Each structure stands twice: as C-alpha cells, then as structure tokens.
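Work out the full structure, taking the sequences as your base and the hints as a guide.
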Amino acid sequence: AQSVTQLDSHVSVSEGTPVLLRCNYSSSYSPSLFWYVQHPNKGLQLLLKYTSAATLVKGINGFEAEFKKSETSFHLTKPSAHMSDAAEYFCVVSPGGKLIFGQGTELSVKP
Amino acid sequence: EAGVAQSPRYKIIEKRQSVAFWCNPISGHATLYWYQQILGQGPKLLIQFQNNGVVDDSQLPKDRFSAERLKGVDSTLKIQPAKLEDSAVYLCASSLGLAESNEQFFGPGTRLTVL
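Quick note, the sequences are listed as chains V and R, same order. In terms of the working numbering, the first sequence opens at residue 906 and continues consecutively. In terms of the working numbering, the second sequence opens at residue 5 and continues consecutively.
Just so you know, these hints were derived from the structure itself, not from any lab. The reader is advised that the hints may include incorrect statements.
BS3-like, lysine-lysine: derived pairs with alpha carbons at most 27 angstroms apart [as the list claims (entries may be wrong)]:
#1 Lys15/R <-> Lys947/V
#2 Lys954/V <-> Lys48/R
#3 Lys82/R <-> Lys1003/V
#4 Lys87/R <-> Lys974/V
#5 Lys75/R <-> Lys1003/V
#6 Lys947/V <-> Lys87/R
#7 Lys19/R <-> Lys1003/V
#8 Lys954/V <-> Lys82/R
#9 Lys1003/V <-> Lys66/R
#10 Lys973/V <-> Lys48/R
#11 Lys82/R <-> Lys947/V
Facing chain R, a subset of chain V residues (Cβ under 10 angstroms, in silico) [unchecked claim]:
#12 Ser917
#13 Gly921
#14 Ser933
#15 Ser937
#16 Phe939
#17 Ala959
#18 Thr960
#19 Cys996
#20 Gly1002
#21 Gln1008
#22 Val1014
None of these values were measured; they are calculated from a predicted model. No residue lacks a Cβ here, since even glycine has one placed at the ideal position from N, Cα and C.
Given below as structure tokens:
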C-alpha cells in the first residue's frame, strides 16, 4: 500500500529565510506525488505535482520539490519565506487517482 | 471558471440527528470525491464517483453514511444518525477523470460539529 509520512508536524521560520518541509513516501512503484496547501478557512490548493517526468518540480508561489527515489523523499522547499506562506501543507500520494494525505505540517512565519 | 461549491459551510447538530451536505463540482468534471478531515489530520477519502457510478467507497462507514450522485453532476452526502466522532470538515473535490495526473479541485468544505 502507498503512504506518505510528513516528518514535522510544525515548522517555524522567520520571514525571508528558507523553508524546508519534509516528506517520505512508501510505494512499490514510482508514484505520483503532490503537495497541497490549506490556508485557514480556505479550500485545499495544489502547489505542485510530480508524475515521473523531471525530478525537480517547480510549483506556484516560488515553491519547489525534488523527487529522490534513493531516499524515498519528496521534500518541499522555498528559498525565502513570506508571511502569506503561513498555512498547513500536505504531502500526498495518488494511487489510481485517489489522494492519500500525510498528517500535515503547519508552517508558521515570524516577522 | 466557477470552483467547487459546497453548502452549508457550517452545521451544528446533536448526536443521533441526521445531516446532509451538498456539492456541485466544476462543470465537465466526471469524477467527484468526498473527504473527511478530522481536526489535526489530513483529509481521508470517503467515496469516489465516476459520473453517477461509485468507484470506491471502501472507507465509507455504510451503517451511517450514504452518498449519491444521481445525475452525474451534483452530489449529496448524508449522515444518519450522527455520532460525536463525526465532527470534522467534509470536503468535496472534483477532477476531469480518474488518471493519477488529473488535478483534484477542492471546495471550501462543510464544518460539522456534533454535540
């Protein structure tokens, strides 16, 4: 069965510093992987997706993620955090079109 | 382009009462999903429709939950009778089809509180 594990439940950074949100996946084959963001009282929004093309995936709002098969990881990064990045982030694997979500990482951004 | 619409946005009921949620997907999207998101957790798929047929309802507690998409467009999710542990946000999503690469678009959700 496919699954994802988000290694941090909460990450706090200062505005202008790099962001790293960690995700490991478990899959018997090369999976489709996604990162979604959920702002308070708003719907889930797709940040980026990996579907076995380039291993470095660029998404919206300056985020990117790198698929590393040898490490079974799909970590989300951003060079410089902005206050508006504060939200809940979900790493997601998609077997057969169904989405299986990780537990989420809450990102706080300090001024 | 209009997004996924859900109503109501909030609902408070007492245990053992019944409740229904409504979802209207993006026009032209054949696949519709209902997820349950308990506070502090990621969303969990309850049921997946392709047009008006059920593709996967393996995680749906069928003794109390039911869902339908009779005309292959909008959908309703019902809980009868509700339990305290059903307190959660119920999210509806839609996509063009079943392919893994298809993006799912989410509605704002319905926050259910069971007292």
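How the hints compare with the structure:
no. : hint                  : result
1   : Lys15/R <-> Lys947/V  : holds, 17 angstroms
2   : Lys954/V <-> Lys48/R  : holds, 19 angstroms
3   : Lys82/R <-> Lys1003/V : holds, 21 angstroms
4   : Lys87/R <-> Lys974/V  : violated, 42 angstroms
5   : Lys75/R <-> Lys1003/V : holds, 22 angstroms
6   : Lys947/V <-> Lys87/R  : holds, 25 angstroms
7   : Lys19/R <-> Lys1003/V : violated, 30 angstroms
8   : Lys954/V <-> Lys82/R  : violated, 32 angstroms
9   : Lys1003/V <-> Lys66/R : holds, 19 angstroms
10  : Lys973/V <-> Lys48/R  : holds, 26 angstroms
11  : Lys82/R <-> Lys947/V  : holds, 23 angstroms
12  : Ser917                : violated, 17 angstroms
13  : Gly921                : violated, 29 angstroms
14  : Ser933                : violated, 15 angstroms
15  : Ser937                : holds, 4 angstroms
16  : Phe939                : holds, 8 angstroms
17  : Ala959                : violated, 14 angstroms
18  : Thr960                : violated, 16 angstroms
19  : Cys996                : holds, 9 angstroms
20  : Gly1002               : holds, 4 angstroms
21  : Gln1008               : holds, 6 angstroms
22  : Val1014               : violated, 20 angstroms
The structure is inconsistent with the numbered hints 4, 7, 8, 12, 13, 14, 17, 18 and 22, although it conforms to all the rest.
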